[in-house]
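A.B. asks: Sequence:
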Amino acid sequence: NPYNHLSFLTSQHATQLQVSRYIVNAVLGAWCWDFLTSLWEEYTIFRKRVTLPDLGYIFARYASTPYIFAKILPFQIALTWSQCNTIRMVIGVFGLLAFSLNSLLFLFRIFAVFCGRRLIIGIFTFLWIGVFACSLTSPFAMPAQHLGPTGYCVSAQVKKFGISGIVAAAVYDTLVFLAITWELSLNAPVESPRDRMKAVVSGAGMGRISKSLLQGGQLYYLMTVGLNICAVVLVLTPSVPIAYSNVMITPNIALQNAMASRVFRKLKL
Numbered sequence: 001n002p003y004n005h006l007s008f009l010t011s012q013h014a015t016q017l018q019v020s021r022y023i024v025n026a027v028l029g030a031w032c033w034d035f036l037t038s039l040w041e042e043y044t045i046f047r048k049r050v051t052l053p054d055l056g057y058i059f060a061r062y063a064s065t066p067y068i069f070a071k072i073l074p075f076q077i078a079l080t081w082s083q084c085n086t087i088r089m090v091i092g093v094f095g096l097l098a099f100s101l102n103s104l105l106f107l108f109r110i111f112a113v114f115c116g117r118r119l120i121i122g123i124f125t126f127l128w129i130g131v132f133a134c135s136l137t138s139p140f141a142m143p144a145q146h147l148g149p150t151g152y153c154v155s156a157q158v159k160k161f162g163i164s165g166i167v168a169a170a171v172y173d174t175l176v177f178l179a180i181t182w183e184l185s186l187n188a189p190v191e192s193p194r195d196r197m198k199a200v201v202s203g204a205g206m207g208r209i210s211k212s213l214l215q216g217g218q219l220y221y222l223m224t225v226g227l228n229i230c231a232v233v234l235v236l237t238p239s240v241p242i243a244y245s246n247v248m249i250t251p252n253i254a255l256q257n258a259m260a261s262r263v264f265r266k267l268k269l
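Per my numbering: the sequence shown ends with 269, consecutive numbering throughout.
Careful, some of the hints might be misleading.
Said to hold, decoys possible - Pair by pair, the computed Cβ-Cβ distance ranges are:
#1 159 x 66: 38 to 44 Å
#2 22 x 85: 21 to 27 Å
#3 197 x 7: 55 to 61 Å
#4 197 x 8: 34 to 40 Å
#5 209 x 26: 32 to 38 Å
#6 268 x 66: 23 to 29 Å
Keep in mind the hints are simulated off the structure, nothing from the lab. Cβ atoms here follow ideal geometry from the backbone N, Cα and C, with glycine treated the same way.
Kindly produce the complete structure, drawing on both the sequences and the hints.
C.D. replies: Structure (structure tokens):
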């Protein structure tokens, strides 16, 4: 079809672009499902009083939503060159907010677990500022290009410095997970090292809130660490096609926010 914008690509590149579009559409569908199924829980949490962590949750939730929708837009409508670059800048800004605010939800967990211990809280607050600073590269790391003479936009290769936000968020989440796990294990009502290890793995003997903090952190960390590694490896590997190297960032942000939000809601409920 000479009028189809994909006709300006080789068959191999057209297939790669179509696969990346399917992945983004699948992420959007899963995101909408998660968003709708969580509405009742969010209503239950926020109907009485909205606290500072609740505001962090709301901002984190609604920073990821426009990011995912904006990823669909360049595939669906023809845009001028300035509009194409504007959309890419918007995607980068919301990516910056998504990574930073997802990590902010775990900073609130540090506040709760280490309440009154200013040194530890200060260290993790400084580390979170580092995540935000590293994520500032996102709007400048996602160049765009037109597909032949058409107005459709496609992503160029994500610049290497653009993954600094992903790496910083992954390191930060790891440190938060280890710090909270260590603190909860020390407070577990057990004596022998074997029982302490069992408490760390299963939450046995812990109270409801401590167990929820522990298992929520385990669930989030185990689900997101794989995607973080995948996204970084794909961007840094020159042999990976551009369409595939860029696309993993979208499910990475979506899953991180979905899991961080679910852990937050479970603790609040």
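A.B. asks: Could you tell me which of the hints above the structure violates, numbers in ascending order?
C.D. replies: 1, 4
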